[in-house]
Amino acid sequence: MTRTTYKWLLFVRTAIRGIASSPVTSGISVVTIGVTLVLVGAFALLLQNMEELLDQFGDDLRVTAYLESEVSGEALRGLEQRVREIPGVEDVEAVSQDEALERFRASVGSGSALLDGLDINPLPASLEISLSEDQRSAEGMEAVAKAIEGLAGVESLSSGRDWVEGYLRAVALVRGVGVGLGVILALATLLIVANTIRLGVFARRDELEILSLVGASRPFVQTPFLLEGLLQGAAGGALALALLFALFRLVLPGFEFGLELLVGSAPRFFSPGEALIVVVGGAGLGLFGSAAALSGDWRP
Amino acid sequence: MSRPRFRLRGGGGAVNAPRGDGAIRMFHVSKSYLAGSFALRDVSIELAKGEFVFLTGPSGAGKTSLLKLIFGAERPSEGQIVVLGRNIARLGESAVPPLRRRIGVVFQDFKLLPRRTVEENVALALQVTGTPPRETRARVFAILKQLGLQHRRYHHPLSLSGGEQQRVAIARALVNEPEILLADEPTGNLDPELTLEIMDLIASAALRGTTVVVATHELEIVRRYGKRAVRLEGGQIVEDTQPSMPRS
Ligand SMILES: Nc1ncnc2c1ncn2[C@@H]1O[C@H](COP(=O)(O)OP(=O)(O)OP(=O)(O)O)[C@@H](O)[C@H]1O
Ligand SMILES: [Mg+2]
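Chains A and B supply the protein sequences, listed in that same order.
Counting with my numbering, you get residues 806 to 1105 for the letters of the first sequence.
Counting with my numbering, you get residues -16 to 231 for the letters of the second sequence.
Just so you know, these hints were derived from the structure itself, not from any lab.
Every residue, glycine too, gets a C-beta built ideally from N, C-alpha and C.
Among the clues, some could well be false.
Unchecked claim - Pairs of lysine-lysine, DSBU-like flavour, derived with a Cα cap of 35 Å:
1) B/K94 / A/K812
2) B/K51 / B/K94
3) B/K32 / B/K94
4) B/K128 / B/K32
5) B/K32 / A/K951
6) B/K94 / A/K951
7) A/K951 / B/K51
8) B/K51 / B/K128
9) B/K128 / B/K94
10) B/K51 / B/K32
Said to hold, decoys possible - For the chain A half of the interface with chain B, some residues (derived, Cβ under 8 Å), not all of them:
11) E898
12) S961
13) L1013
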């Protein structure tokens, strides 16, 4: 083993000793990091599952333009061509009045006999417009809808299923709140972790002075504190993961069945890789917190 | 009795102090903590490798300040200090620790860690250099045995007598075989018998080639050992006495 290895073994031992010597303040650090990550993680889980749902309904992200009754044949194809040229439009499918009726018949089944009594076709022709990948948001839909609205021959618009737009807004809201909350909580957590480490530095200032007097370098003195923060952070991350999992299992049975019917797949928890990110994120928070505590005018 | 004589700017004289081979050299060094008052004023001195020197003078004369300058705990306000070939005045922050590892210091107040055992306290000086644990244990045990402390190695400093604590501090200063040993009033609160014991320990380091500087106000000790003695008063060297009748 090299001298570096021995030093690192010593650093780890010193860090653990440091945590053990102040279990309460260390515990507060761990719990703080844990709570932050539970909140941020809950938003991440929610968002992840909401977006998954969106993927399933990606096809519904379309705009239907209902046309005036005199538009048919050449005019219909011309209109279709013009819509195709609108930026953000991926594909356009023209549905004539007859086709619309066919579809309606097929969907209503035996009840369609009722329609036989009608001598006119009440269904309008339409253009079904699907959006390109990058336009699949409330704003994108809005922009495309605006462009179509202005075209002659278009009577009314329906933006796919209304809920999609609302859903998109909800996803954006959850993401915004999650990111905002995450940033604020992360900053607060950094402060708390930094304070904990600062307390540790203060409690051990005699030791640090003596270390420095016998020739300890600055990294030698500081590394155990950085490790201490890192370990507290990782512990906080693991705690958050455990709480999130418990929460997930607790809340899930309430709507799992309904979701499965609707989406065809049950909501999922973090993958092992994503779970690792939570723990690493905690470790990072702890590390940054202690680095902040050690920077500034403090000298070992 | 010793014949007092001034020795400014490293003028040769001591048999074992050839010029240019100084472990510690100071050139017109002044130290001022507060503007207008000097703890050290225009001090020039040269200590050879393996030399044993007493630093004497009344309280406030600047003895501790001089030692602090040598191991880089303070920077000189004026002048140059060369320690083991390093210019202290121009030493970068990261160059101080490596220099300190070559200097053992026995502090007046010991500076032992109360929550660590005697063994751990002494080991500290080796751990900062990344010495392997097995080697550390062996060397710590050896030095503790040499100082008659091996049976105390798992005790905590506060459960030891003053003399024992003093010896732990010396053990920590000597364990990595430093090139320079600085001792600030190492016999400050010891009885006469223990004083001699500890002084002999320190003197034995000089025999192995370590440059030893002992700050003390106990002239009795200085007389007894008949070594070179530098007297400070008001931050200035007022006397530099060469050894007249070396005992060892
Ligand atoms: N950190 C400091 N800040 C301000 N003044 C200081 C500081 N350290 C020492 N002094 C002053 O410098 C002068 C020399 O102090 P120093 O401690 O070097 O004396 P000393 O010879 O070691 O005294 P003693 O025998 O009492 O230990 C004193 O006047 C002291 O007040
Ligand atoms: Mg002093």
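Hint check:
Note on B/K94 and A/K812: the hinted pairing holds, with a Cα-Cα distance of about 23 Å set against a maximum of 35 Å. For a cut-off of 35 Å, the pair hint linking B/K51 to B/K94 stands: about 14 Å separates their Cα positions. Distance hint between B/K32 and B/K94 is fulfilled; the C-alpha atoms sit about 26 Å from each other, no more than 35 Å. For the proposed pair B/K128 and B/K32, the alpha carbon gap of about 27 Å is at most 35 Å, so the pair holds.
Note on B/K32 and A/K951: the hinted pairing is violated, with a Cα-Cα distance of about 90 Å set against a maximum of 35 Å. Straight-line distance between C-alpha atoms of B/K94 and A/K951 comes to about 79 Å, which puts the hinted pair past the 35 Å bound. Of the supplied pair hints, the one linking A/K951 and B/K51 is violated, its CA atoms being roughly 79 Å apart against a limit of 35 Å. Taken as a hint, the B/K51 and B/K128 pair is honoured in the structure, with Cα atoms around 29 Å apart against an allowance of 35 Å.
Between B/K128 and B/K94 the alpha-carbon distance is near 21 Å, which keeps this suggested pair within the 35 Å criterion. Our distance criterion of 35 Å between C-alpha atoms is met by B/K51 and B/K32, whose separation comes to about 19 Å. A hinted interface residue such as A/E898 counts as satisfied when its beta carbon comes closer than 8 Å to some beta carbon of chain B; here the least separation is about 71 Å, so the hint is violated. The criterion of a C-beta within 8 Å of any C-beta in chain B is not met by A/S961, whose closest approach is roughly 75 Å, and the hint is violated.
Because the smallest distance between the Cβ of A/L1013 and any Cβ of chain B comes to about 10 Å, over 8 Å, the interface hint for this residue is violated.
This entry does not satisfy hints 5, 6, 7, 11, 12 and 13, going by the numbered hints stated previously.
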